[in-house]
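Taken in order, these protein sequences are the chains called A and B. At position 514 of the first sequence the residue is numbered 514 (the numbering used here), and the sequence of numbers has no breaks. At position 64 of the second sequence the residue is numbered 829 (the numbering used here), and the sequence of numbers has no breaks.
Fair warning: there could be bad hints in the mix.
[As the list claims (entries may be wrong)] Restricting the straight-line Cα-Cα distance to at most 27 angstroms, the calculated cross-link-like pairs of lysine-lysine (DSS-like) are:
hint, chain 1, residue 1, chain 2, residue 2
1, A, K427, A, K438
2, A, K525, A, K668
3, A, K596, A, K432
4, A, K362, A, K432
5, A, K759, B, K826
6, A, K711, A, K550
7, A, K485, A, K361
8, B, K826, A, K711
9, A, K725, A, K668
10, B, K826, A, K723
11, A, K525, A, K427
12, A, K550, A, K361
13, B, K828, A, K759
14, A, K398, A, K295
15, B, K871, A, K725
[Stated by the list, open to error] Covered stretches of chain B, as calculated for chain A (at least 3 residues, CB under 8 angstroms):
hint, stretch
16, 775 to 783
17, 832 to 839
18, 846 to 854
19, 881 to 894
To be clear, the hints were calculated from the coordinates, so they are not data collected in a lab. This one's a predicted model, so the numbers in the text were calculated from it and none came from an experiment. Note that beta-carbon positions come from the ideal geometry of N, C-alpha and C, so glycine has one too.
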Amino acid sequence: MLVVILLGFLLAILSIPVHSLNSERVGNWLSIIPLGIFVWALTYLDRIILTGYVSETHQWVNSIGISLSFRLDGLSLFFVLLISGVGFFIYNYANAYLHHDSNKGKFFLYLSLFMTAMLGVVMSGNLIILFIFWELTSLSSYLLIGYYHNDEESRKSALMAMLVTVAGGLFMLAGIILLGIAAGTFDLNIILSTPNILANSGNSSLIAILIIIGAITKSAQFPFHFWLPNAMAAPAPVSAYLHSTTMVKAGIFLLARLSQVFTDGPIWQPLLVSIGGFTMVYGALMALTNTDMKKVLAYTTISALGIMVLLLGIGTTVSVQAAMVFLLAHALYKGTLFMVTGNVDHETGSRDLSLLSGLGKKMPYTFYASALASLSMAGVIPFFGFIAKEILYGAAFKSPLASGLIGVATFATGVMFTALAFEFGYKIFLGKQSETPKHPHEAPFSMLIGPVFLATLGLIGGVFSEQLAQPLLHHSSSQILNVDKVLQLGLWHGFTLIFGLSLLTLLFGFLLFRMRSVVVNFSDKYSLNSISGPEKAYQNSIPALLKAAKRQTEFFQSGILRNYIVIISMTLVALIWIMAFNGGGLSMLSFDGLTKLKWFEIVFVVLMLVGLANTLLTTSRLTAIVSLGMIGYGTAAIFLYYGGPDVAMTQFLIETLTIVLFVLVLNKLPKFVDVRKGLLIKIAFPAVAFGATMAIILMWVQSLQVVSPLKDYFAQNSYLLAKGKNVVNVILVDFRGLDTLGEISVLAIASIGIFTLIKVTQSKQ
Amino acid sequence: MRTVIFHTAIKLLMPLFIGFSLFLLFRGHNSPGGGFIGGLLASIAFFMRAMVLGVNNTIAKYKLRPIGIMAIGLSVALISVIIPVLAGYPLMTGLWFDFTLPIIGKIGTPLMFDTGVYILVIGVVLNITFILSNS
Numbered sequence: 001m002l003v004v005i006l007l008g009f010l011l012a013i014l015s016i017p018v019h020s021l022n023s024e025r026v027g028n029w030l031s032i033i034p035l036g037i038f039v040w041a042l043t044y045l046d047r048i049i050l051t052g053y054v055s056e057t058h059q060w061v062n063s064i065g066i067s068l069s070f071r072l073d074g075l076s077l078f079f080v081l082l083i084s085g086v087g088f089f090i091y092n093y094a095n096a097y098l099h100h101d102s103n104k105g106k107f108f109l110y111l112s113l114f115m116t117a118m119l120g121v122v123m124s125g126n127l128i129i130l131f132i133f134w135e136l137t138s139l140s141s142y143l144l145i146g147y148y149h150n151d152e153e154s155r156k157s158a159l160m161a162m163l164v165t166v167a168g169g170l171f172m173l174a175g176i177i178l179l180g181i182a183a184g185t186f187d188l189n190i191i192l193s194t195p196n197i198l199a200n201s202g203n204s205s206l207i208a209i210l211i212i213i214g215a216i217t218k219s220a221q222f223p224f225h226f227w228l229p230n231a232m233a234a235p236a237p238v239s240a241y242l243h244s245t246t247m248v249k250a251g252i253f254l255l256a257r258l259s260q261v262f263t264d265g266p267i268w269q270p271l272l273v274s275i276g277g278f279t280m281v282y283g284a285l286m287a288l289t290n291t292d293m294k295k296v297l298a299y300t301t302i303s304a305l306g307i308m309v310l311l312l313g314i315g316t317t318v319s320v321q322a323a324m325v326f327l328l329a330h331a332l333y334k335g336t337l338f339m340v341t342g343n344v345d346h347e348t349g350s351r352d353l354s355l356l357s358g359l360g361k362k363m364p365y366t367f368y369a370s371a372l373a374s375l376s377m378a379g380v381i382p383f384f385g386f387i388a389k390e391i392l393y394g395a396a397f398k399s400p401l402a403s404g405l406i407g408v409a410t411f412a413t414g415v416m417f418t419a420l421a422f423e424f425g426y427k428i429f430l431g432k433q434s435e436t437p438k439h440p441h442e443a444p445f446s447m448l449i450g451p452v453f454l455a456t457l458g459l460i461g462g463v464f465s466e467q468l469a470q471p472l473l474h475h476s477s478s479q480i481l482n483v484d485k486v487l488q489l490g491l492w493h494g495f496t497l498i499f500g501l502s503l504l505t506l507l508f509g510f511l512l513f514r515m516r517s518v519v520v521n522f523s524d525k526y527s528l529n530s531i532s533g534p535e536k537a538y539q540n541s542i543p544a545l546l547k548a549a550k551r552q553t554e555f556f557q558s559g560i561l562r563n564y565i566v567i568i569s570m571t572l573v574a575l576i577w578i579m580a581f582n583g584g585g586l587s588m589l590s591f592d593g594l595t596k597l598k599w600f601e602i603v604f605v606v607l608m609l610v611g612l613a614n615t616l617l618t619t620s621r622l623t624a625i626v627s628l629g630m631i632g633y634g635t636a637a638i639f640l641y642y643g644g645p646d647v648a649m650t651q652f653l654i655e656t657l658t659i660v661l662f663v664l665v666l667n668k669l670p671k672f673v674d675v676r677k678g679l680l681i682k683i684a685f686p687a688v689a690f691g692a693t694m695a696i697i698l699m700w701v702q703s704l705q706v707v708s709p710l711k712d713y714f715a716q717n718s719y720l721l722a723k724g725k726n727v728v729n730v731i732l733v734d735f736r737g738l739d740t741l742g743e744i745s746v747l748a749i750a751s752i753g754i755f756t757l758i759k760v761t762q763s764k765q
Numbered sequence: 766m767r768t769v770i771f772h773t774a775i776k777l778l779m780p781l782f783i784g785f786s787l788f789l790l791f792r793g794h795n796s797p798g799g800g801f802i803g804g805l806l807a808s809i810a811f812f813m814r815a816m817v818l819g820v821n822n823t824i825a826k827y828k829l830r831p832i833g834i835m836a837i838g839l840s841v842a843l844i845s846v847i848i849p850v851l852a853g854y855p856l857m858t859g860l861w862f863d864f865t866l867p868i869i870g871k872i873g874t875p876l877m878f879d880t881g882v883y884i885l886v887i888g889v890v891l892n893i894t895f896i897l898s899n900s
C-alpha cells in the first residue's frame, strides 16, 4: 500500500515533465495511474471479503508510537475505488477542460497530490498518518481552488476553504492525540478491534466533539458549510472531484471509521443527528434559492453530506448501510452533474439555471448524461438513486431517536432534490433553445466519457445492484458498526409505505419544480440567499485577526531597537523574578562563596567603570562606541585571567568587529540621543534592573551547588572520545556539533537578511 | 586610511594574517583557537584589505563574493556531518585518520566541520561589512 502512495507522489512529480513532453495529452497519459490503482484495489476485493482487512506496517517514528501503517478493509477499499475510479475520468476530463491552459502541468501536479493524499487518508492504519494525509488534502485543495490565482475571488475562496478545514483539522489533531492517550495507541487496527476502548477514559465526550469538529469542517456541515459554495471558484473538474465525490467525503469517512469507538457514548449520536439533520434541510433550501448551477450543486452536496452524517449518527444497521449506499449513489450522480455543469459552462459561457433551456439538440451526449444522473438524483426506478432513496427513507423512519421528525425532514429533502433534478435533467436541455453568450455545441470526447460513463453506471448499478454493489457496500458498512444483517439491495420490495413515499417524492418534487420561479423570486425579494451568519462571522473575523496581528506587531516590533532591547530584557527579568519568588530563591542568596578581590580585578573594574561613565556622559556617538569597547576589552581581560582563553579571544575579536561595524555606519545613523535628557527613566531603569538581575543570578549560581555531570563528562571524555584536548572546541564541533550547525545556519540566514534589507532600501531610494 | 604605508603594509601582511588564522583553526582542537576565532581574525584581515584597496578590488582579487563563501562554508560543514552516515555511523560521528600531520595535527570530520565554520564566519562578516561599506 505504501507503493501506491509513492506511486501517487511519483505521478505528481511526473506531471510537469509529461506536460512539457506532450501538453496535448498530458491528462490522458497520467490517467493511466489512477486506472492502475483502481485495478490494483479490485484485486483486493476477494481477500477483504474473506479476511476483513489487510494491513501493512513500516517502521517510522517508533519512539512515539507512529508507524507508517496502512489498512485496507471494506470501508477503505470502497473509498479507494471511488477515488481512483472517479479520478481516472477526472484526469481525462480536466485535460480537455483546461485545453488551452499553459499551467495544465501544474494543475495535474496539484490534482495528483490531492489524489494521493486522499488515498492516504482512507488507507491509513495509524491516526497520526491519517492526520498528515488529511492536512495534505486541505493543502492541495487550497492549490486547486486557487488554480485561477489571477482572480481575487478565487484566491479568497481558496484561503477560506483552507482556513476552515485546517482549523477543523487542528481540533481533530487534539482529538486524535487525546484518543491516542486514552487508547494507549494510535494504531487503528488495535483501536478498532478493542471493544469499549474508551470505557475508562474520562474525556471520551470531549474527544468525540473534537473529532466531529474536524469531520464536519471537512464535510461542510453547518455552521462550517460556507466554504463549499465559495470553493466553486475552482475549475469544474476540481468541483466534480474534490467537492462532490472525494474530499468532502473525507469527513464522512472519518466519522464512519471511528463510529465503533464513539457510537455508544452519550454525545456522538445526538450531535451527529442534529448537525446532519439540520444541514440536510438547510442545504436543500439554500439550493432551491440559488440559480447558478454550481452553487445549486454545492448546496445539494452540503445537504447530501448532511444526510450521510445523519445516517451515521442514527447508528443502526440499516442506517450505516444506507449511508454507504447513498454515498455511492451521490458520488455517481453528483460527479456527473458537476461535469455536465462544466460542459454547459464551457460550451455556452453561462451556468444560470433561470436563463438556460433547450440545449439538448446541440449537446445530446451531455443531455444524456445529465438526464440519467438527474433521474438517479430524483430517485426514479430503476436507477441506483432509487435504491438509495428507499433505504434512506427506511433508515430515517426507523431511527431510534426522533424518528418522526427525521423522517419528515428526510422526505422534504428528497422532494427538494427531485425538484432540482428536474432542472438539470429536463429544463436546461428541453424546450426552446435560449440565447447564450457562446454559441452552444457539444463538448469534446474526453469531457463526455466521464459523465456518460458515471451516469450509465448509475443506471446499471440500479438494475444489477445485487451483483455489482452489494458485496462491497455490505463489507464497507460492516466496518463501520457491527451490523447484524447482511445488506440486501434490490429494486422491488413490494407495495410498501416506503415505496409510496418514493412516488410521493416524485410527485411533490415535480410540483415544486413548477413553482421554482416563485421560490426564487420570493428568496430574491427577501434576499434569503445572501451571505449567511457563519460566513459573515468568518468575513468579520479575518480583518479583526489581521488588525490584532498588526497591533501586536506594532507594539512588540516598533522598529526602534531601543524598545526591542527593553522588551526582551524586561521579559527575561520578569520571568526570572517570578521563578525566584516561587522557588524562594532570595533566601538562598549568600556572599560566602565569593573570593576576595585581587588588585588587577580592581584595575579592570575601574577601567570598565570609567568606560561606562564616559559612555553615559558623552555627547558624541564615536566616543560612546569606543568607551563601550573599553568595557568589552575589560571583560575579555577578566575571562583571560580566569582560564577562558577561547572566550577571551572571541570577545576581543567581536569587540573589534563591533567597533568597525559601528564606524562603517556611523554617519548613516540617526542623531545621537543624549541619554541624560528625558530618556533616563525609560532607559536607566531597565538597564539597572537587567544588570542587577544578572549579577544576582551569578551569585545564585555560586551559592547553589548545582551538580552537573556534564562538566566532568566533557572533561573526561574530550580526549578519549573526541581526540581533542581543548574542551571548549570539542564541545563546539563534536559533542554539541548539531547546535553549532544550527547556529552557523542562523548566522548565514541573518547575514542574508541584512544584505537584503540594505539592498532593498538602496533600490527604493 | 589610504596611505602608501598602509597600502603596502596590508599587501605584505595579508599572508601573515591568513596564515595565523589558519594556525588558530588547526590548533583549535587541542589549544585555544578554533574555526570561529580563526574565521573572525581572517575576516578582519580581509576587511582591512577591502578598506584600503577597495571592496571590488578585494572581491576581484579573490574571485569570490561573500555569499558564495558562506555557501561553501555551510556546505563543507554539512558534508562533514553527512560523511559518517555514508560510512554507516550515526550523523555527526567524529571520524579520524590515524596519522598526524605537522602543524595541522590529526585530520577528521570534526576538523572539516570546524573548517566549514571558519569559512562561513568569513563569509558572514564580509557579507555584512562589504554591504555596509558600499552603501
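For each hint, the structure was consulted:
| no. | hint | result |
| --- | --- | --- |
| 1 | A/K427 / A/K438 | holds, 19 angstroms |
| 2 | A/K525 / A/K668 | violated, 65 angstroms |
| 3 | A/K596 / A/K432 | violated, 107 angstroms |
| 4 | A/K362 / A/K432 | holds, 12 angstroms |
| 5 | A/K759 / B/K826 | holds, 23 angstroms |
| 6 | A/K711 / A/K550 | violated, 45 angstroms |
| 7 | A/K485 / A/K361 | violated, 47 angstroms |
| 8 | B/K826 / A/K711 | violated, 46 angstroms |
| 9 | A/K725 / A/K668 | violated, 45 angstroms |
| 10 | B/K826 / A/K723 | violated, 37 angstroms |
| 11 | A/K525 / A/K427 | holds, 23 angstroms |
| 12 | A/K550 / A/K361 | violated, 58 angstroms |
| 13 | B/K828 / A/K759 | holds, 21 angstroms |
| 14 | A/K398 / A/K295 | violated, 32 angstroms |
| 15 | B/K871 / A/K725 | holds, 12 angstroms |
| 16 | 775 to 783 | violated (count 0) |
| 17 | 832 to 839 | holds (count 4) |
| 18 | 846 to 854 | violated (count 1) |
| 19 | 881 to 894 | holds (count 10) |
Hint check: violations occur at hints 2, 3, 6, 7, 8, 9, 10, 12, 14, 16 and 18; the rest are consistent with the structure.
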